[in-house]
Amino acid sequence: MTTPILSVSNAVKRYGDVHALDHVSQDIADGEFLTLLGPSGSGKTTLLSAIAGFITLDEGRIALRDTDITRQPPEHRDFGMVFQGYALFPTMTVRDNVAFPLKVRKRPAAEIRARVDECLDLVQMGQYADRMPSQLSGGQQQRVALARALSFHPQVLLLDEPLSALDKKLRADLQWELKALHDRLGVTFIYVTHDQEEALSMSDRIVILKDGKIQQDGKPGELYNRPVNSFVADFLGKSNFIDVTVTGAEGDLLHCEAKGASFPAIASENGPRSGQARAALRPERLRLAAPGEEFLPARVRQVSYLGERCQVIVTHDTLGDLLVSCPTWKTDITPAPDLPVSIGWDRDACVLLAPE
Amino acid sequence: MMPVSPFRIFFQTGAWMVTAFLVLPLLVVIPVSLTDTSYIGLPKEHLSLQHYANYFASPDWLKATWTSIWIGTIVATCATVLGTSFAIGCWFLSDRASAIARWVLITPILVPPVVQSLGFYRFWVKLGLIDTSTGVILAHTLLALPYVSISVFAALANLDRNIPRAARSLGASVRQTVMAVIVPAARPGMLTGFVFAFIVSFDEIVGVLFITVRRVTTLPKQIWEGIQDNIDPTIASVATLLVILTLIVTAIGALRRS
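Chains as they are written, first to last, in the numbering used here: chain A, 7 to 362; chain B, -15 to 242.
Everything labelled a hint here was simulated from the structure, so no lab data went into it. Glycine is no exception: its CB is placed at the ideal position from the N, C-alpha and C atoms. Check before you lean on any hint, since a few could be wrong.
As the list claims (entries may be wrong) - Sample of chain A residues with no beta-carbon within 12 Å of chain B, all distances over it, derived:
| id | residue |
| --- | --- |
| 1 | VAL18 |
| 2 | GLY37 |
| 3 | ALA135 |
| 4 | ASP166 |
| 5 | LEU172 |
| 6 | ASP217 |
| 7 | GLY224 |
| 8 | GLU228 |
| 9 | THR251 |
| 10 | GLN282 |
| 11 | ARG293 |
| 12 | VAL309 |
| 13 | ARG315 |
To be verified - Per label pair, the in silico range of CB-to-CB distance:
| id | chain 1 | residue 1 | chain 2 | residue 2 | range |
| --- | --- | --- | --- | --- | --- |
| 14 | A | HIS159 | B | PHE107 | 53 to 63 Å |
| 15 | A | PRO96 | B | VAL233 | 50 to 60 Å |
| 16 | B | PRO96 | A | GLN141 | 46 to 56 Å |
| 17 | B | ASN38 | A | LYS109 | 53 to 63 Å |
| 18 | B | VAL233 | A | HIS159 | 20 to 30 Å |
| 19 | A | TYR21 | B | TRP87 | 23 to 33 Å |
| 20 | A | ALA69 | B | SER82 | 31 to 41 Å |
| 21 | B | LEU6 | A | SER46 | 49 to 59 Å |
| 22 | A | GLN141 | B | LEU26 | 49 to 59 Å |
| 23 | A | SER46 | B | VAL2 | 50 to 60 Å |
| 24 | A | SER207 | B | MET163 | 39 to 49 Å |
| 25 | A | ASP123 | B | ASN142 | 28 to 38 Å |
| 26 | A | GLU275 | B | MET163 | 27 to 37 Å |
Said to hold, decoys possible - In silico contact screen, one side only, chain A against chain B (beta carbon under 8 Å); selected entries:
| id | residue |
| --- | --- |
| 27 | MET87 |
| 28 | PHE89 |
| 29 | GLY91 |
| 30 | PHE106 |
| 31 | ARG284 |
Make the full structure from the sequences, and use the hints.
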């Protein structure tokens, strides 16, 4: 990796006895779309606020390229920021909102005008330049906020759950747009969300936080297919958990036994390679077939039809309930309660987790 | 035809009675102000504008009016500046201390005026502010402050807490943030507060009676003395003028809003 644009090292922030950030270190590459993902109280917003300069760290250091900015006030950092509640200035028109960062930087009027038009066009809000924010819908307001945060060519754009207040369909549209905007501008995006779908769909890299600690970071696919612990496996997508005993190893593939069933599993980074462990299995990796066709017999308990997919809970005699997610357009069997079936999965579907 | 419910009759009658109770004492000053007699009473033989003429010809009345106006304006300005700064500061902090400070600041509304005026009197004697305009301005500013801060608080109540953060991340200093973003949002509250503060000062009598002697006379004090010394119907003309002025200002306000 080249020199990171932003580097957080050993960040600690305490609120009373609670560690909002517990020795967090992270390097962010120039031009990266990085998502901080976690449930509420995980420290993701605290980390973003520290990067923005709204809170001061108790310990640790934040550097922009080679400059230490740990104690720099937010207005000197040159980071654009987009908020969940849009935070547009209610007494200014759309145009004046977008011009604000340029006006405080005392740019010439002609340049401001041209740049504001350019930014509003970028987010397709050109025709609304003379409206007041209160006359716009939520999605439109967020576009204006985005134009405002980009108008002064910030080094980094910080986004604090920018889509959470919008309805589902609009959220999906704006995800595509944000991603396209990022690819087009090449600005580093640091995006905070609790929504795993948002994180998976847009990010170059995801950092998963819990209780102020980084649980895992990596590309969306890596995190999804190779979760290191049960928190990650459960927070990012759904997982079935099976307690197993490791009986042998063959490269990265471990032989596992669980209450009469034996199957292979993949070792995760820093994960256990012997003894008792817990394995995670994605519902969509499970195959549902007629009795005898796959290696584990089971019985359907409950079915939930979701249109493109179908969620099925099957019961195995010793392993208990397992969630299976199968496409509805390609089925050999039609699952119904009490139907005897068999289940199976590929050799690389099961991942052995490290204890949390 | 719809049958009229007894409830409706009851509430309508009640509403009209309350209105009459509120308005009639105000209206009675109008005929009194037009009396042709030289004492307070209803017109005997014809209507007369002599007491209005008397008001405009009397240096005492005009001086008192002018005193009230300029003191009121200074009080409103001071109270607006101080009350707005206070409200914006509290809005920024929005912690427990600022919540307590808000309660402390509205105590002038809660304490009985006589008690407060006594306090002013004792204190102003020590400070040598008795019978000075400065003394009156200080006292009135204190009384008017809560009205300004309450209306500015109301104006800021719905302002997004992230707005100052947004402004700072966009490159504005704290000062620029306050001046360019927070103050404009507070402006409707400041305007309301200014008007209230002016009215509080213009209307105030108890404090003025305690802390002034001869040199400073405001309009309410002049009216009060007018009733004490002689029963001069000029008081009624002044009152009528004030009622008309208030109506005009209220009407302009109402029209602008609609």
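Hint by hint, here is what the structure shows:
1. VAL18: holds, 22 Å
2. GLY37: Fine: 20 Å to the nearest Cβ keeps A/GLY37 off the interface.
3. ALA135: The claim holds: A/ALA135 sits with its nearest Cβ about 18 Å from chain B, beyond 12 Å.
4. ASP166: violated, 8 Å
5. LEU172: A/LEU172 clear of chain B: closest Cβ-Cβ about 16 Å, beyond 12 Å.
6. ASP217: holds, 25 Å
7. GLY224: holds, 28 Å
8. GLU228: holds, 31 Å
9. THR251: holds, 51 Å
10. GLN282: holds, 47 Å
11. ARG293: With a cut-off of 12 Å, A/ARG293 remains clear of chain B, as the shortest Cβ separation is near 48 Å.
12. VAL309: It holds; A/VAL309 is separated from chain B by about 44 Å at its closest Cβ, greater than 12 Å.
13. ARG315: Holds, because the least Cβ-Cβ distance between A/ARG315 and chain B comes to about 38 Å, which exceeds 12 Å.
14. A/HIS159 with B/PHE107: 53 to 63 Å: holds, 58 Å
15. A/PRO96 with B/VAL233: 50 to 60 Å: violated, 27 Å
16. B/PRO96 with A/GLN141: 46 to 56 Å: holds, 47 Å
17. B/ASN38 with A/LYS109: 53 to 63 Å: holds, 57 Å
18. B/VAL233 with A/HIS159: 20 to 30 Å: violated, 50 Å
19. A/TYR21 with B/TRP87: 23 to 33 Å: holds, 26 Å
20. A/ALA69 with B/SER82: 31 to 41 Å: holds, 35 Å
21. B/LEU6 with A/SER46: 49 to 59 Å: holds, 52 Å
22. A/GLN141 with B/LEU26: 49 to 59 Å: For A/GLN141 and B/LEU26 the Cβ distance comes to about 56 Å; the hint holds.
23. A/SER46 with B/VAL2: 50 to 60 Å: At roughly 51 Å between Cβ atoms, B/VAL2 and A/SER46 fall inside 50 to 60 Å, so the hint holds.
24. A/SER207 with B/MET163: 39 to 49 Å: With a Cβ separation near 41 Å, A/SER207 and B/MET163 satisfy 39 to 49 Å, so the hint holds.
25. A/ASP123 with B/ASN142: 28 to 38 Å: Distance hint for A/ASP123, B/ASN142 holds at roughly 30 Å.
26. A/GLU275 with B/MET163: 27 to 37 Å: For B/MET163 against A/GLU275, whose Cβ atoms are near 53 Å apart, the range 27 to 37 Å is violated.
27. MET87: holds, 4 Å
28. PHE89: holds, 4 Å
29. GLY91: holds, 5 Å
30. PHE106: holds, 6 Å
31. ARG284: Hint violated; A/ARG284 Cβ to chain B Cβ min 40 Å, cut 8 Å.
The earlier numbered hints that this structure contradicts are 4, 15, 18, 26, 31.
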